[in-house]
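**Student:** Turn these sequences into a full structure, and let the hints steer you where they fit.
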Amino acid sequence: LAACGKASEKATEKAAEKMIESQIAKDGTQAKVNLAEGGMKVTTTDAAGKTTLMEMGNAKISESDLGLPFYPGAKPTEGSGMRIVNGGNSSLQLGLHSDDAPDKVAAFYRDKLKAMAEGKQLMDMSSNEGASLSLVDDKTKSMMQVHVSKAEKGSDIALVASREGAK
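Numbering (the working numbering), first residue to last: 977 to 1143.
These are computed hints drawn from the structure, not numbers from a lab. Note that beta-carbon positions come from the ideal geometry of N, C-alpha and C, so glycine has one too. Since no wrong hints were added, every one of them can be taken at face value.
With a straight-line cut-off of 20 Å between C-alpha atoms, the simulated EDC-like cross-links for lysine to aspartate or glutamate are:
| id | residue 1 | residue 2 |
| --- | --- | --- |
| 1 | K1088 | E1039 |
| 2 | K1017 | E1054 |
| 3 | K1115 | D1041 |
| 4 | K1088 | D1100 |
Derived CB-CB ranges, DEER-like:
| id | residue 1 | residue 2 | range |
| --- | --- | --- | --- |
| 5 | A1024 | G1049 | 43 to 53 Å |
| 6 | M995 | A1023 | 18 to 28 Å |
| 7 | G1015 | D1075 | 20 to 30 Å |
| 8 | S1125 | G1063 | 29 to 39 Å |
| 9 | A1024 | T1053 | 32 to 42 Å |
| 10 | K1115 | S998 | 37 to 47 Å |
| 11 | D1079 | E1140 | 27 to 37 Å |
| 12 | G1033 | A1127 | 17 to 27 Å |
| 13 | E1094 | A1024 | 30 to 40 Å |
**Tutor:** Structure, rendered in structure tokens:
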């Protein structure tokens, strides 16, 4: 019976992928949808040949992808990895959780961003509940954001990086 359930689940997944692809294709865009592995991966190519990649929920995001280190001991939050690449533009997001207090996590990222801030705009908004830190580089048209918020136990961390004209 377990094998029947898996086969049925796979068939439902494939049918959903085909339905999404056909909806996207109505304007002439070619699409490839993959709902496997607990997330959604969509690759589209429009009539002009421009390709867009979207990975939602299961994108594998590394420290080098973001340009920011992960807080020591923090664990990625399940289903939080997102990557969108549209032409030369990219946007990445990843959620982490740490058992450490928000002020300690925010201090770690504040130090990291300050060390990278020369010639860039650093914004720091902090409260008792956490912090939002942003580093904007007008020259490279890139931005890094760190949002630290108080969790039931420890801190939730959202790391975001966006770049225009990225390769």
